[in-house]
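Student: One letter stands for each residue in the lines below.
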Amino acid sequence: MLSIKNLHACVEGKQILNGINLEIKAGEVHAIMGPNGSGKSTLSQVLAGNEAFDVTAGEVFLNGDNLLDLATEERAREGVFLAFQYPVEIPGVSNLQFLRTAVNAMRKHHSKEDMNAAEFMKLAKEVSKQVDLDPAFLKRGVNEGFSGGEKKRNEIMQALLLQPKLAILDETDSGLDIDALKVVSDGVNALRAPDRCIIMITHYQRLLDHIVPDYVHVLADGKIIKSGSAELALELEAKGYGWLGIKDEAVANQ
Amino acid sequence: MATTDQEVRELIKREYEHGFVTEIESDTFEPGLSEDVIRRLSNLKQEPEFMLEWRLKAYRRWLEMEEPEWAHVDYPKVKYNDISYYSAPKRPEDMPQSLDEVDPELLRTYEKLGIPLHERAKLAGVAVDAVFDSVSVATTFKEPLEKAGVIFCPISEALQKYPELVKKYLGSVVPVADNYFAALNSAVFSDGSFVYIPKGVRCPLELSTYFRINAANTGQFERTLIIADEGSYVSYLEGCTAPMRDENQLHAAVVELVLLDDAQIKYSTVQNWYPGDETGKGGIYNFVTKRAACNGKNSKVSWTQVETGSAITWKYPSCILRGDNSVGEFYSVALTHNYQQADTGTKMIHLGKNTRSTVISKGISAGRSSNAYRGLVKFNPGAEGARNFTQCDSLLIGDRCGAHTFPYIESKNKSAIVEHEATTSKVSEEQMFLCRQRGIEPEQAVSMIVNGFCKEVFKELPMEFAVEAGKLLEVSLEGSVG
Amino acid sequence: MKTAPMLSSAFLQPAGQALPTTLLALRFDRASSLADLLLPTRRTENWKYSAKHLKLTDEMASSLPSDASVEAADISGYTVVLVNGVVRPEVSNYPSIEGLSIQRFSELDVDDAALAADLIGKSISDQPAKSGSVNLSQLNGARFEDGLLIQLKPNTVLDQPLFVIHHTTASHSGSAYPRILVAVGRNSQLTVVEDYVSSGDCSVMVNTTTEFNLDDGANVTSIRLNTEGQAVQHMGTTGVRQQRSSRFESHSVGFGGTLRRHDLHVRLEGEGAECKLNGVVVTQGTQHYDNHTTIEHVAANCNSEETYRNIAADKSHAIFNGRIHIHQDAQKSNANMSNKNLLLTNGAEIDTKPELEIYADDVKCAHGATIGRLDDESIFYLVSRGLSRRDAKVLLTMAFINELVDQIPVEQVRESANIGLNQFFDQAFQEV
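Residue numbers (my numbering), protein chains in the order written: chain R, 6 to 259; chain A, 6 to 487; chain B, 427 to 858.
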């Protein structure tokens, strides 16, 4: 379903991704782990089409379409969804208005009629309950004054609403307490579907207790240096990244 | 994806949508200004003698005055003798007695503008006075207003029917020689709206005036006078459009509001005069004096403006808070794009005890435009316990535009408190990326973010205006995403 | 319309002819350019609130004697004393330190004179005076006498502050024109304290200009204390040019007088430069004080932080006009301005005008201004703890400015500032 071939990318002239190769089949969940600065977040930004990053080589196909030819919003409409690590605030724009605009942009792309306000409200309330967000959040400004955990739940809520083909979750577990982690994980598990693939980017293994991936990849210096099953994550948890010949201060300090 | 690109192109191509010219026969004065022109104008309008004297006095003062240069705007000198000071649609000698007698071409014009004047298509609950070039062409809903005792008519008609009322209040808020453009207006104004709300009456309808400049080489100089008697309330809406023409046209209006004890006026403007094209050619010079005198105790005036049009805007709707406990509010969105220039803000003059004022200004600059907030908050010695809060926010879209803030704050009363805050921001790349990642078009994302930025002001507008204002921003911002 | 009076030609007759020819020529040029200019009036935007106090009669034009006797300053440390705008080495005490050069204009060699001529007026361009009226710091350029050129070579750190004492003393009306040029080399550090004092009750004008030029990585602290007598019209200008990664800090404490005016103009010309401007003004009686500041972000990635506090009592008048100007190429600028004011009585007046002029989009700029009174609740709280109402008010008023006074990095200055401030409080809160 998703095929990444020899992907190279840089930001402000600095090379970050040095040839990523990854194949993901429909229905699969892949976890990407790795130390700080290994290129995990860059990969997610490049897949979503952030123009701050330059792709210098490689190809990315989603269901046969070359994503790299598409603008950010076109990728989104083809089903690419990125749950941001640090979702930005948009003052004055209500969550509801924002999401309805997004949903209708998707629907228009798929030649469907706009969803009217009442219908949408109903749907939005349902999914917000699914991630344990008070529907009152829908009326607040996008991410405006949300706590860290609320922002993350809001991201997952959007994924449930937009029903993507490829969901990329960038450190969705960071900054969450145990209860919130459970809620977010339940949301992600609800996203698992035979026609959808999910990439989870995480630093720690604890998220993977709740969402068991089909594959785990270790990223270092912009390359996948090791791939394995869910057990690989446990091994990393126990041994750190050192045994793979990479330094990681964050893990070393634990 | 070709369709999407095409949509964007279509959107950007969309132009000022009120730019058509109405083919209509007009009576238009030869360009030029003199005492004779003023006499002719006054005579044509069959004005009472005092009015002619008043105009001539203004004209003589105007001749001695100099065009102000302090505003942060730059434009070639206006050639006042190249302008025609009167243009009116030709029509039967007598005034039309009902809308059926109004020239059908004119009615179609207003239909095109989305302002149906015809009885059966009228906006529910909004009475409209339509001013076309120099004259008022139609006023709707006269009957229910009369029943409530509300006077809503062209000011030329008021001069015939209620000369004493007009004489008493005209120029009482904006004196004839208040400033250069107000003096010019006082000398040559041709029409405008007059409103009187009697004691204790809550005006049963929203009142609305739509201004349209149609003829070429003419200026529009309308004069609006609203008197809210004790304990009355009125909500007044004002909109304006003009054809696309290559030369600049002058609009120099004066609006005076008078509020007696416990009266309340809510005055909303959506200003969409032709802004000129994307190279800065053409457009309206909008030099407007608007002022409210809260003469009565506990009176309250609220100015809400959405300024998206005009090549140059020079406008400072002000409040003189004379009555104790009176309240002044100013909510403004000013958007400039391409080569537009705006220098706009407000003056809050606190004279009475416990007077309060609030200023919320949102300036958006795009393209190569310049957008300045200029404001004065003044507490006189008698303004015991007075308060002001001011918030000025600027949003920049692109790195070729300017956003400026020039607030004057003056206090002579130790118990008065003023708080002023200003910030500047841009539509961030992160915000754009988030929106686009969720599938939203860049143009739509910008318009959504800008609308969010303006939310505090839009919520002050009457419902139907708020929708219009939002759409207007969207249209005005087209092509701003590079 | 009434036309404004013109600047009298009497003002264009400088004294002190013993200067290097380049400087004499420069002075002459400035004088010619000032001929026929109008004096500012209340219609002149940046003199709106102060023009009525400006007295530039012919008798004010005469030069003040530079040989008046003064006592040596009671300051331990490096001092340069100027009397009526002329450096007086015999009552000064400045060190001979490697890398530091302090010279009088009259003793400059050809090269240094050329340097001085080049620096004069360079930091104070872009004055928003489009009105065709005279700019008073230009008048200094036409009238300065034996001023001061301070140069610090690269990588030089002056171990203690340099006090520059400006003494105005006169037995007749007239004016003095001190001029100081400071050029600080790469990565050098300097603290300059300018102390303005006067003796005598004659109506005099001090028209003073100080210009700082900071090379890459230089670090300058400028402290300015203004305690001249009531009769002195003080017209001060400070110009600052900052190159890459330099840092400029300014602390000023001003006491009102018949007319006090200080224009502080900082240009951040090199990337990564930063400035911090603090100011305190107190006025009482019929005093007047007008502070104008301009911070120009010319280069990208610069920071500026400005905090001014004014207190006006009795029938006095305090003015703050702060302008932040972000040029088109100054992306990623950070600029913050705060001005808070306390109006103690109904006869007094405070005016403030915090301006932003912004031509770059990727910037963070904010300003805030308030005018208010002492908080009744706070007064009540203190009184309920046994303080007298007067003491409560003094305490709260001091709290309003303490934060800024405490930041002055030279103890001697903090002390003199506090002495002046305490006198102010004693008088301002007498009636209670």
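Hint data in this document are derived by calculation from the structure and do not stem from the laboratory.
C-beta atoms are modelled at their ideal positions from N, C-alpha and C, and glycine is treated no differently.
A few of these clues could be false.
[Stated by the list, open to error] Derived, one-sided and incomplete: chain A residues facing chain R with beta-carbon distance under 7 Å:
#  : residue
1  : Val78
2  : Pro81
3  : Lys82
4  : Val83
5  : Tyr85
6  : Ser89
7  : Ile365
8  : Ser430
9  : Phe458
10 : Lys460
[Unchecked claim] Below, simulated SDA-like cross-link-like pairs (lysine to any residue); rule was C-alpha separation at most 20 Å, straight line:
#  : chain 1 : residue 1 : chain 2 : residue 2
11 : B       : Lys790    : R       : Lys228
12 : B       : Lys766    : A       : Lys166
13 : A       : Lys431    : R       : Lys228
14 : B       : Lys758    : R       : Val16
15 : A       : Lys431    : B       : Ala726
16 : B       : Lys579    : B       : Ser625
17 : A       : Lys431    : A       : Gly475
18 : R       : Lys113    : R       : Glu94
19 : B       : Lys741    : B       : Val809
20 : R       : Lys144    : A       : Ile422
21 : A       : Lys464    : A       : Ser307
22 : A       : Lys352    : B       : Thr595
23 : B       : Lys766    : A       : Ser307
24 : R       : Lys156    : R       : Pro92
25 : B       : Lys758    : R       : Val93
26 : R       : Lys127    : R       : Ala195
27 : A       : Lys431    : R       : Ala57
28 : A       : Lys464    : R       : Tyr91
29 : A       : Lys172    : A       : Ser307
30 : A       : Lys352    : B       : Arg468
31 : A       : Lys431    : B       : Asn729
32 : A       : Lys476    : R       : Lys127
33 : R       : Lys113    : A       : Gln449
34 : B       : Lys758    : A       : Arg66
35 : A       : Lys431    : R       : Val93
36 : A       : Lys464    : R       : Gly250
37 : A       : Lys166    : A       : Asn330
38 : A       : Lys460    : R       : Lys127
39 : R       : Lys156    : A       : Lys152
40 : R       : Lys228    : R       : His35
Student: Is the straight-line distance between the alpha-carbon of lysine 766 of chain B and that of lysine 166 of chain A 20 Å or less?
Tutor: 53 Å, violated
Student: Does isoleucine 422 of chain A sit within 20 Å of lysine 144 of chain R, going by the straight-line distance between their CA atoms?
Tutor: 33 Å, violated
Student: Per the CB criterion, is tyrosine 85 of chain A less than 7 Å away from chain R?
Tutor: 42 Å, violated
Student: With the threshold set at 20 Å, check whether the alpha-carbon distance from lysine 741 of chain B to valine 809 of chain B stays at or below it.
Tutor: 27 Å, violated
Student: Between lysine 431 of chain A and alanine 726 of chain B, is the straight-line Cα distance small enough, at 20 Å or below?
Tutor: Between lysine 431 of chain A and alanine 726 of chain B the Cα gap is close to 16 Å, so the pair holds against 20 Å.
Student: Sort out whether valine 16 of chain R lies within 20 Å of lysine 758 of chain B, counting only the CA atoms.
Tutor: 18 Å, holds
Student: Would the hint linking lysine 476 of chain A and lysine 127 of chain R be met if the CA-CA limit is 20 Å?
Tutor: Not satisfied, since the Cα-Cα distance of roughly 26 Å exceeds 20 Å.
Student: Quickly compare the C-alpha distance for lysine 460 of chain A and lysine 127 of chain R to 20 Å and report which way the hint goes.
Tutor: Violated, at about 24 Å.
Student: Does the structure keep lysine 156 of chain R and proline 92 of chain R at a Cα separation of 20 Å or less?
Tutor: 7 Å, holds
Student: With the threshold set at 20 Å, check whether the alpha-carbon distance from lysine 228 of chain R to histidine 35 of chain R stays at or below it.
Tutor: 15 Å, holds
Student: Was the hint right that phenylalanine 458 of chain A lines chain R, CB cutoff 7 Å?
Tutor: 6 Å, holds
Student: CA of lysine 758 of chain B to CA of valine 93 of chain R, is that 20 Å or under?
Tutor: Status holds; Cα separation ~19 Å.
When the structure is compared with the earlier hints, violations turn up for hints 1, 2, 3, 4, 5, 6, 7, 8, 11, 12, 13, 16, 18, 19, 20, 22, 23, 28, 29, 32, 34, 36, 37, 38 and 39 and for no others.
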